[in-house]
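A.B. asks: Chains as they are written, first to last, in the working numbering: chain H, 1 to 356; chain D, 1 to 375.
These are computed hints drawn from the structure, not numbers from a lab.
Be careful, since some hints might not be right.
Stated by the list, open to error - Straight line, CA to CA, 30 Å or less: simulated BS3-like cross-link-like pairs of lysine-lysine:
no., chain 1, residue 1, chain 2, residue 2
1, D, Lys342, D, Lys259
2, D, Lys239, D, Lys146
3, H, Lys37, D, Lys152
4, H, Lys271, D, Lys4
5, D, Lys259, D, Lys135
6, D, Lys168, H, Lys88
7, D, Lys135, D, Lys242
8, D, Lys25, D, Lys242
9, D, Lys281, D, Lys152
10, D, Lys239, H, Lys88
11, D, Lys135, D, Lys266
12, D, Lys266, D, Lys281
13, H, Lys92, D, Lys168
14, D, Lys168, D, Lys152
15, D, Lys161, D, Lys281
16, H, Lys88, D, Lys242
17, D, Lys25, H, Lys281
18, D, Lys161, D, Lys259
19, D, Lys135, D, Lys152
20, D, Lys281, D, Lys337
21, H, Lys281, H, Lys328
22, D, Lys266, D, Lys146
23, D, Lys152, D, Lys239
24, H, Lys88, D, Lys25
Stated by the list, open to error - Computed from the model, here is a short list of chain H residues facing chain D with C-beta under 10 Å:
no., residue
25, Phe53
26, Thr83
27, Glu100
28, Ile102
Quick caveat: nothing in here was measured; it's all calculated off a predicted structure.
Glycine included, each C-beta is placed from N, C-alpha and C at the ideal position.
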Amino acid sequence: MANVPLNFDVLFVAALAPILGVAAFWFLQLFIIEIQKRMLSRLRHRHEAFCRFTNYIGILFQTISQALGYSVTRSGIASFQVTVNYGKVEPKKEKEGIFEWIARSFLLFGPFFIPAGLVLLVSFFVIGRGFVFLSPVQYTFVESLTVFWGSLSTFAYEWAGFLCNVDFFNPLHIGFFVVLLFFGLGIRPSYIGQERKEKIDILYDLIHIKDHLLEKPLYIIAIVLLLYVFYLLSLFLNPVVYVGLFIIFGWMSLTAIIAILLTFPVLLLIKSTDVIQPHWKIIPFITVAVSYIVARVFFIYFPTNEVERVSLLAMLFSTILVTIVLIKYKRTNRFKTTPKMKPMRVADGKKRTSKK
Amino acid sequence: MVRKELLKNEQIERVLSPHPLSFMKLQTLCIFVIVWGIVVWWLTGFSEYAGTFSGSNWYPVILWGLVLLLIGVIASLVAIQWTIFFLYLGVFLGAVGLIFWQHWENDIELFIFIYSIAVSIVGFLIVEAYRRSHKYIITNLRIIFKGGIFTKRERTIRYDKIADIDAKQGVLGQIFGFGTIIPVSQSGFGLGSDKTMAAGGVEVGGAKARFFGFAGGGKEIQTPIARSYYELHGVYPYKDVKQLVEDLVQSHVPTQYQKEQVEFQKQQVDIQTQMRDLLHKQVSDKPRRKAVKQSVEEEEEEETEEEEVVEKVTRKKTAVPEEGFPPEQVDIQQQMKDLLKKQKTVRVNPPEEEDIEEEEIDEDAEDSRKEKEGT
Numbered sequence: 001m002a003n004v005p006l007n008f009d010v011l012f013v014a015a016l017a018p019i020l021g022v023a024a025f026w027f028l029q030l031f032i033i034e035i036q037k038r039m040l041s042r043l044r045h046r047h048e049a050f051c052r053f054t055n056y057i058g059i060l061f062q063t064i065s066q067a068l069g070y071s072v073t074r075s076g077i078a079s080f081q082v083t084v085n086y087g088k089v090e091p092k093k094e095k096e097g098i099f100e101w102i103a104r105s106f107l108l109f110g111p112f113f114i115p116a117g118l119v120l121l122v123s124f125f126v127i128g129r130g131f132v133f134l135s136p137v138q139y140t141f142v143e144s145l146t147v148f149w150g151s152l153s154t155f156a157y158e159w160a161g162f163l164c165n166v167d168f169f170n171p172l173h174i175g176f177f178v179v180l181l182f183f184g185l186g187i188r189p190s191y192i193g194q195e196r197k198e199k200i201d202i203l204y205d206l207i208h209i210k211d212h213l214l215e216k217p218l219y220i221i222a223i224v225l226l227l228y229v230f231y232l233l234s235l236f237l238n239p240v241v242y243v244g245l246f247i248i249f250g251w252m253s254l255t256a257i258i259a260i261l262l263t264f265p266v267l268l269l270i271k272s273t274d275v276i277q278p279h280w281k282i283i284p285f286i287t288v289a290v291s292y293i294v295a296r297v298f299f300i301y302f303p304t305n306e307v308e309r310v311s312l313l314a315m316l317f318s319t320i321l322v323t324i325v326l327i328k329y330k331r332t333n334r335f336k337t338t339p340k341m342k343p344m345r346v347a348d349g350k351k352r353t354s355k356k
Numbered sequence: 001m002v003r004k005e006l007l008k009n010e011q012i013e014r015v016l017s018p019h020p021l022s023f024m025k026l027q028t029l030c031i032f033v034i035v036w037g038i039v040v041w042w043l044t045g046f047s048e049y050a051g052t053f054s055g056s057n058w059y060p061v062i063l064w065g066l067v068l069l070l071i072g073v074i075a076s077l078v079a080i081q082w083t084i085f086f087l088y089l090g091v092f093l094g095a096v097g098l099i100f101w102q103h104w105e106n107d108i109e110l111f112i113f114i115y116s117i118a119v120s121i122v123g124f125l126i127v128e129a130y131r132r133s134h135k136y137i138i139t140n141l142r143i144i145f146k147g148g149i150f151t152k153r154e155r156t157i158r159y160d161k162i163a164d165i166d167a168k169q170g171v172l173g174q175i176f177g178f179g180t181i182i183p184v185s186q187s188g189f190g191l192g193s194d195k196t197m198a199a200g201g202v203e204v205g206g207a208k209a210r211f212f213g214f215a216g217g218g219k220e221i222q223t224p225i226a227r228s229y230y231e232l233h234g235v236y237p238y239k240d241v242k243q244l245v246e247d248l249v250q251s252h253v254p255t256q257y258q259k260e261q262v263e264f265q266k267q268q269v270d271i272q273t274q275m276r277d278l279l280h281k282q283v284s285d286k287p288r289r290k291a292v293k294q295s296v297e298e299e300e301e302e303e304t305e306e307e308e309v310v311e312k313v314t315r316k317k318t319a320v321p322e323e324g325f326p327p328e329q330v331d332i333q334q335q336m337k338d339l340l341k342k343q344k345t346v347r348v349n350p351p352e353e354e355d356i357e358e359e360e361i362d363e364d365a366e367d368s369r370k371e372k373e374g375t
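Based on the sequences and whatever the hints tell you, model everything.
C.D. replies: Put into structure tokens, the structure is as follows:
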């Protein structure tokens with residue numbers, strides 16, 4: 001048993017600290033997801049295929065989460081279907097009560113954490129650093145929160161170090177970066193439908209989750225009680241276990257946030273190239289690859305420290321510069337409309353032209 | 001070019017080609033070669049495991065080739081297409097041959113990298129040429145499929161010969177809006193079955209093969225499957241094309257009423273043909289032309305005066321032997337009379353009439369038959 005002074009703070013309040021930490025990061029995740037969804041919905045009319053692709057990834061994760069819920073509750077899976085517009089999972093047995101509630105919880109919360117958990121697992125092998133569980137000494141609320149924050153900040157620091165030194169000449173790094181972008185585009189619980197739907201936003205998600213939680217208050221009380229028993233047990237046996245559980249959830253949220261944030265430059269680049277003339281809009285994308293390769297080749301002949309970091313900076317700088325120059329000098333016609341203008345015809349069937 | 005091949009009253013509805021991403025299975029083969037080449041180059045030259053491959057110059061080639069062939073076998077078994085394996089085998093043997101020929105043993109890592117990229121680019125170009133060789137022409141009467149780089153293949157199917165339409169859209173198709181439509185003909189063209197088998201022998205010890213590895217798979221179920229030049233492969237926009245084809249097929253499928261009308265017309269034509277033949281036969285016999293005329297006149301009267309049909313028939317029956325017609329002529333006249341009756345029955349029984357009317361006519365026919373029998 002740990003040598004802990006048993007007071008009100010340690011016995012009751014400290015248990016809430018990691019929960020609050022996870023909730024804070026989860027809300028941050030929701031907020032960033034919302035920004036991403038709005039960016040995607042603005043791109044939709046010009047990049048339908050791209051949005052369908054991101055939709056597909058999102059729906060795939062959502063459907064996998066739902067299927068996982070049915071598997072965990074031993075309902076079985078009768079059918080599993082994922083398309084660009086919808087996902088469908090049918091259970092073999094229609095269970096009710098707690099099983100139904102758990103399966104639904106997987107559907108609502110799974111998309112936030114399951115893909116992020118997968119990325120976290122991959123990052124454990126690729127990055128391999130920053131997975132530190134700090135242990136509290138006094139077991140108070142503030143200290144638990146500090147420990148939680150400390151573990152997450154170490155994790156974030158290592159991530160930042162990896163991203164700043166990512167080596168695109170290393171296939172492992174390229175693969176991991178692609179996975180990050182791939183998951184980053186799909187880590188969102190609700191999808192952008194075939195038609196643009198304004199109602200599917202952060203509030204829509206939160207209302208659904210709130211309704212789900214309030215639907216069965218007894219289950220919530222039972223879960224809280226179970227968590228509290230778990231906290232008390234870990235307090236007397238090994239306090240790191242309880243905080244550690246929530247730290248893992250915090251890492252998942254942080255991974256999701258990083259993955260989504262990484263997609264922002266990509267979305268921004270796509271949006272920026274929309275105002276460039278059609279034949280020139282490919283140039284910024286080519287610049288991304290070419291500038292990095294040129295920088296790396298340059299540093300082979302003129303060796304220096306921090307080659308990867310400098311090459312990344314060179315890539316970012318040249319891409320931004322080329323895009324700005326193209327936007328300034330090769331801007332597309334602003335008055336161009338999305339639907340093609342059909343040749344106007346007068347009543348006698350002849351084309352109406354401006355030339356006389 | 002296309003317009004010259006059109007039939008009379010044929011109009012082109014759409015001319016289509018496969019979507020650039022519709023041959024992604026073939027393109028994936030090229031992508032794998034390029035990715036694996038880069039990985040081997042990095043693994044044997046720059047990674048922390050590079051020292052493992054420093055024992056011999058040939059280690060990178062062996063690693064590269066083994067994985068390539070292994071993936072080739074797996075892909076061939078999964079896709080049920082052994083061309084993939086032989087393609088990869090060709091790529092591997094080509095690389096080994098080039099190394100021997102040009103003595104590039106000392107720069108094998110770089111060679112693998114450059115060779116993989118070069119082979120992939122050639123592969124991409126071939127796939128693109130193959131894609132561009134396809135052309136699908138949807139007209140108001142039929143679908144024309146064309147394809148093939150060296151051997152030009154063409155298939156034509158009329159809408160009234162299409163028994164079923166199989167349509168499929170993969171993930172990429174759903175994202176980019178293309179899909180494949182297979183029109184299955186009434187003869188079963190467009191259906192197929194897949195089968196694959198792999199076997200290998202391993203010699204253990206003696207001169208004979210002691211152990212055999214055996215793996216295989218088969219699909220005997222008939223599934224809609226066709227070569228890309230015999231189906232509307234990866235056409236864009238999928239939904240519109242599918243709708244168009246379905247509409248055209250539907251417009252060429254006769255309805256129940258149309259079917260009955262056609263059947264009725266067929267019967268009429270048959271009867272008239274038989275009558276013509278009989279008349280020809282009768283006319284060819286000149287001395288008895290008068291008798292023929294007489295009988296024809298009687299038949300016309302029968303049509304106009306339905307009530308006196310039975311009496312006239314009896315009179316004719318009795319009259320013919322009196323005039324001394326030979327038995328052959330009597331038979332011809334009898335057959336013609338039957339045909340005329342049949343035709344009349346068909347006319348008064350149009351296909352769209354209600355059952356009640358048909359029943360009444362049947363009763364009338366039965367009455368007349370009874371009367372006939374009585375006379």
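A.B. asks: The structure should be examined with respect to each hint, and the outcome stated for every one.
C.D. replies: Against the structure, the hints come out as follows:
For the suggested pair lysine 342(D) and lysine 259(D), the alpha carbons sit about 20 Å apart, so the restraint of at most 30 Å is met. Taken as a hint, the lysine 239(D) and lysine 146(D) pair is honoured in the structure, with Cα atoms around 21 Å apart against an allowance of 30 Å. Restraint check: the Cα-Cα separation between lysine 37(H) and lysine 152(D) comes to about 48 Å, which exceeds 30 Å; the hinted pair is violated. In summary, the hint linking lysine 271(H) to lysine 4(D) is not supported, as the alpha carbons are separated by about 46 Å, beyond the 30 Å threshold.
The straight-line distance between the Cα atoms of lysine 259(D) and lysine 135(D) is roughly 34 Å, outside the 30 Å bound, and the hint therefore fails. With a CA separation close to 18 Å, the supplied pair lysine 168(D) and lysine 88(H) stays within the 30 Å bound. This hinted pair checks out: lysine 135(D) and lysine 242(D) have alpha carbons roughly 16 Å apart, not beyond 30 Å. The suggested pairing of lysine 25(D) with lysine 242(D) holds, with an alpha-carbon distance near 22 Å, which does not exceed 30 Å.
Restraint check: the Cα-Cα separation between lysine 281(D) and lysine 152(D) comes to about 53 Å, which exceeds 30 Å; the hinted pair is violated. Our distance criterion of 30 Å between C-alpha atoms is met by lysine 239(D) and lysine 88(H), whose separation comes to about 21 Å. A distance of roughly 39 Å separates the Cα atoms of lysine 135(D) and lysine 266(D); the hinted pair therefore is violated under the 30 Å criterion. For the proposed pair lysine 266(D) and lysine 281(D), the alpha carbon gap of about 23 Å is at most 30 Å, so the pair holds.
A hinted pair counts as satisfied when its Cα atoms are at most 30 Å apart, and lysine 92(H) with lysine 168(D) qualifies at roughly 27 Å. Straight-line distance between C-alpha atoms of lysine 168(D) and lysine 152(D) comes to about 25 Å, which keeps the hinted pair within the 30 Å bound. About 39 Å separates the Cα atoms of lysine 161(D) and lysine 281(D), which puts this hinted pair outside 30 Å; it is violated. For the given pair, lysine 88(H) sits about 24 Å from lysine 242(D) by alpha-carbon distance, which is consistent with the 30 Å threshold.
Note on lysine 25(D) and lysine 281(H): the hinted pairing holds, with a Cα-Cα distance of about 28 Å set against a maximum of 30 Å. The suggested pairing of lysine 161(D) with lysine 259(D) holds, with an alpha-carbon distance near 15 Å, which does not exceed 30 Å. For the given pair, lysine 135(D) sits about 11 Å from lysine 152(D) by alpha-carbon distance, which is consistent with the 30 Å threshold. Distance check on the hinted pair: lysine 281(D) and lysine 337(D) sit about 15 Å apart at the alpha-carbon level, within 30 Å; holds.
The hinted pair formed by lysine 281(H) and lysine 328(H) meets the criterion: a straight-line CA distance of about 12 Å does not exceed 30 Å. A hinted pair counts as satisfied when its Cα atoms are at most 30 Å apart, and lysine 266(D) with lysine 146(D) does not qualify at roughly 37 Å. Taking the CA atoms of lysine 152(D) and lysine 239(D), the gap is near 28 Å; set against the 30 Å cutoff, the hint holds. This hinted pair checks out: lysine 88(H) and lysine 25(D) have alpha carbons roughly 26 Å apart, not beyond 30 Å.
Restraint check, phenylalanine 53(H) versus chain D: the minimum CB separation of about 5 Å is within 10 Å; hint holds. The interface hint given for threonine 83(H) holds, since its Cβ lies 6 Å from the closest Cβ of chain D, which is under the 10 Å cut-off. The interface hint given for glutamate 100(H) is broken, as the beta carbon of that residue sits about 30 Å from the closest beta carbon of chain D, more than 10 Å. About 30 Å separates the beta-carbon of isoleucine 102(H) from the nearest beta-carbon of chain D, more than 10 Å, and the hint is not met.
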